[in-house]
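*Asks:* Starting from the given sequences, assemble the full structure and let the hints guide the process.
Each chain, written out:
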Amino acid sequence: AQTVTQSQPEMSVQEAETVTLSCTYDTSESDYYLFWYKQPPSRQMILVIRQEAYKQQNATENRFSVNFQKAAKSFSLKISDSQLGDAAMYFCAYMGSYGGATNKLIFGTGTLLAVQP
Amino acid sequence: GAVVSQHPSWVICKSGTSVKIECRSLDFQATTMFWYRQFPKQSLMLMATSNEGSKATYEQGVEKDKFLINHASLTLSTLTVTSAHPEDSSFYICSARVSANTGELFFGEGSRLTVL
Chain A
1 AQTVTQSQPE MSVQEAETVT LSCTYDTSES DYYLFWYKQP PSRQMILVIR
51 QEAYKQQNAT ENRFSVNFQK AAKSFSLKIS DSQLGDAAMY FCAYMGSYGG
101 ATNKLIFGTG TLLAVQP
Chain B
1 GAVVSQHPSW VICKSGTSVK IECRSLDFQA TTMFWYRQFP KQSLMLMATS
51 NEGSKATYEQ GVEKDKFLIN HASLTLSTLT VTSAHPEDSS FYICSARVSA
101 NTGELFFGEG SRLTVL
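Chains A and B are the protein sequences, given in the same order.
Everything in the first sequence is counted per the working numbering, starting at 1 for the first residue and increasing by one.
Everything in the second sequence is counted per the working numbering, starting at 1 for the first residue and increasing by one.
Simulated from the structure, these hints should not be mistaken for lab results.
As the structure is a prediction and not an experimental result, all values here were calculated from the model.
Idealized CB from N, CA, C, for every residue including glycine.
Each hint should be verified, as a subset may be incorrect.
Which stretches of chain B does chain A cover? Using the computed rule of at least three CB atoms under 8 Å from a CB of chain A, they are [as the list claims (entries may be wrong)]:
1) 44-56
2) 90-97
3) 104-110
*Replies:* Below, the structure is given as C-alpha cells:
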C-alpha cells in the first residue's frame, strides 16, 4: 500500500524568506501524481502544485516549486518570498495513475507553517 | 478552477438524529466524488468513494450503515450521518474529480458537525 510521510509537524519562516517542506512517499507504481495542498484556517483545501511522475522537470507555480526526486521517492515544496497569507497547514498527497476516476488521494499527516512578520 | 460547494457549512444536532450533508459540483459534472473526515489538527481520512448511479465504495473501518452516501446525479452527492452520536462530531469534506486524466481533485468548503 502507498504511504505518504511528512516528518515536519510544524515549521516557521520569516516573511520574505524561503522555506522547504519535506515529503517522502512509498509506492511500487511507476506512474502516479503528487500534490501539495494548502489548508488555511478556513479549512478550505487549496491545490498549490501538482507533479506527474513521468515528468522529470520540477513543477513550478509562481513562488511555489517542488524538488521531485523519483528514485529517492521525495517530493519537497519550496516557498520563496514567504508571505503572511502562506501560513496554513500543508498536506503532501499521492495518487496512482491506474484505475482512472476512482483513484484515491492519499494524504500525509501535514505540516503547519507559521509565517513571522 | 472548478467549484465544489458543500451545505451546510456547520450543523449542530442532538444525539440520535440524522444529518444530511450535500456536495455539489457547480460548473462541471463529477462522475466520482470522495468523502473525507478530518479530526482537529489531523490529516484527511478517506471515508468512501461515491460513484454516480452506483453504490459507494467504503474504506475499511467505515460503517456503511452509519454513513449513507448517495450520488444520484452527476453534480450531487450526499452524506447522511444516521443516528449521530458525539463521537461522530468532526469536519467532513467532499471532493470531486474533474477529469480522470489529470488526477486533480477540487474540494468543498467542508461541513462541521457537532453532535450534542
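*Asks:* Looking at the structure, which of the earlier hints fail to hold?
*Replies:* Those not satisfied: there are none.
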